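**Q** Here's the letter readout for the chains.
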Amino acid sequence: MATGSRRKILVVDDNVGLAENIAEILGMAGHVIEVAASAEEALSKVGSPPPDVVVTDYRLPGISGAALVRRLRQDGAPVHAIIISAHTDDGTVEDARRAGAAFVAKPIDFVALGRLVEG
Amino acid sequence: MQHLSFLENVKAYVGFDDDASVALRGGHPVIAPHFGAIIDDFYDAIEAHPGARATITGGATQIQRLKGSLLQWIDEIFRGPHDQAYFERRARIGRVHVRIDLPQMYMFTAMDRIRVGSAEVIRNERSLDAVKSRELLTALHKILDIELAIMLETYREDLLTKNRTAERLATIGQFAAGIGHELRNPLGVIESSAFLVTRRLEQLQISDASLSKHLEKITLEVQRSNRTISDLLELARSKPLNRRPTEASAFIARAVAATGLPPSVEVDTMVPAGTILDVDPDQLTRVVTNLLLNASQAMRGSGRVFIAARREGNRSVIVVRDEGPGVPTELRARIFEALFTTKAKGNGIGLALCRRICEAHQGTITLDSSEVGASFRITIPDQSGLGV
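These protein sequence lines are chains R and Z, in that order.
Counting from 1, one number per residue, gives the positions in the first sequence under the working numbering.
Counting from 1001, one number per residue, gives the positions in the second sequence under the working numbering.
Since the hints were made in silico from the structure, they are not lab data.
Predicted model, so just to flag it, every value in this text is computed and none were measured.
Be a bit skeptical, because a hint or two may be false.
As the list claims (entries may be wrong) - Below are the DMTMM-like pairs computed for lysine to aspartate or glutamate, each with C-alpha atoms no more than 20 Å apart in a straight line:
1) R:K45 / R:E94
2) Z:K1217 / R:D109
3) Z:K1239 / R:E94
4) R:K45 / R:D95
5) Z:K1217 / Z:E1202
6) Z:K1239 / R:E41
7) Z:K1132 / Z:D1018
8) Z:K1239 / R:D90
9) Z:K1239 / Z:E1135
10) Z:K1239 / R:E40
11) Z:K1239 / Z:E1202
Using the sequences provided together with the hints, build the complete structure.
**A** As structure tokens, then:
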């Protein structure tokens, strides 16, 4: 993974094991990572300055990944968003697109994810 | 209420009684000399009609054979007896029509030729008096309508079976898709952890053959599990096709690469230069990948697989053949059924998905009889107007 500019990344997945692994892999490129297990926890961790990138699962308990992205934008964070899901049906992909997020299917291609984070 | 069999039911409805049977039997010697002419007319009409002609794929030899069957069929109409055994034989013919996907309208149009031809013979036959002639004509109309009812019933039965299978698949599909999604997450953790361990070892400059081997095994097996889940999810929902002209040799090369066969499986590819297939390359890759995996498993991970892609008229044809033990005759009819498997660890999804994708292309996948191993043939007609 190419080391580009150092970014603040928020990784959100209710599968904590996966969230931690995503964080560790992205961390290898030198980014600063924060992990949350739900959208609510993510919102409480946003802080200041807000993250440059949010990488979130689409299906989360409570607020969905797409809704989280919308909420962050409403709060004024110019966050770059990537939504991940094992559900690759048109509805999910379309909802991610409408939220202004890139979509990455599970199983995750980490090389592609790394590129999106840098991009 | 007394339970009537299907035959008794339609006979009662049209009023086909013993007298009708007797009338037909009595007419047999009079009409039999004309059977040849009626049959010739029947096949002349088929040959004159492009749509009907297309249902006959075996040329003159097939027509000759079919004429023999038709002769027997007409002979039985007049000879009877019109009993349950008669019904069973007729239903078997009906099921052949269903199997070859004969459009139902051709049953009616073809029956019309028999009806008109036989009626004309009866009307012109001087040896029959007016009463006998009328009785025979009435009985003929009744029995031919019963024949149509029997044929339609076989179509209905077939449709019901298909619907039941589809319903069962839909239920199982939804259930399986839910489990599939659930399994994606732990697999994702295993896969990413294996990736992280590999990276960590690189960082620590540890090079250990045993560790590498096991990490590779973990990754490969996770990929395999992911592929099974993908097949399941694909089977549970039907994705719309995205057909486009596809360069065959690059397509086959990509499909082979995507399969990830063990190095001990050799792949021989035969694709004439410039072959273009009219297919959805993404969905058809799944078909080729599944066939290659099956081939590899059938050969216990070692041997040769042949893949050929070519054009046959306005059809794209792909053949995948292996050197394994082949498929036992008694199982050949069932291998494309969902949830049917011949493998100890198979799930019965792969070939069902293959068939589903080929049928979505209006095409077929068949198991050819071959001397060695199993040979699968995919035939996909061009979409009209694409002009590949």
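**Q** Against each hint, give a clear statement of whether it holds in the structure.
**A** Hints, verified against the model:
1. Simply put, K45 (chain R) and E94 (chain R) have alpha-carbon atoms about 27 Å apart, too far for the 20 Å limit, and the pair is violated.
2. At roughly 18 Å between alpha-carbon atoms, K1217 (chain Z) and D109 (chain R) fall within 20 Å of each other, so this suggested pair holds.
3. This hinted pair checks out: K1239 (chain Z) and E94 (chain R) have alpha carbons roughly 15 Å apart, not beyond 20 Å.
4. Annotation: proposed proximity of K45 (chain R) to D95 (chain R) is violated, straight-line Cα distance about 24 Å (limit 20 Å).
5. For a cut-off of 20 Å, the pair hint linking K1217 (chain Z) to E1202 (chain Z) stands: about 18 Å separates their Cα positions.
6. For the given pair, K1239 (chain Z) sits about 36 Å from E41 (chain R) by alpha-carbon distance, which is inconsistent with the 20 Å threshold.
7. Of the pairs offered as hints, the one joining K1132 (chain Z) and D1018 (chain Z) holds, with about 15 Å between alpha carbons and a cut-off of 20 Å not exceeded.
8. Proposed proximity of K1239 (chain Z) and D90 (chain R) is supported: the alpha carbons are some 10 Å apart, at most 20 Å.
9. At roughly 57 Å between alpha-carbon atoms, K1239 (chain Z) and E1135 (chain Z) are farther apart than 20 Å, so this suggested pair is violated.
10. Restraint check for K1239 (chain Z) and E40 (chain R): the C-alpha separation of about 34 Å exceeds 20 Å, so the hint is violated.
11. Restraint check: the Cα-Cα separation between K1239 (chain Z) and E1202 (chain Z) comes to about 41 Å, which exceeds 20 Å; the hinted pair is violated.
Violated hints, listed in ascending order, are 1, 4, 6, 9, 10 and 11; each of the other numbered hints is respected by the structure.
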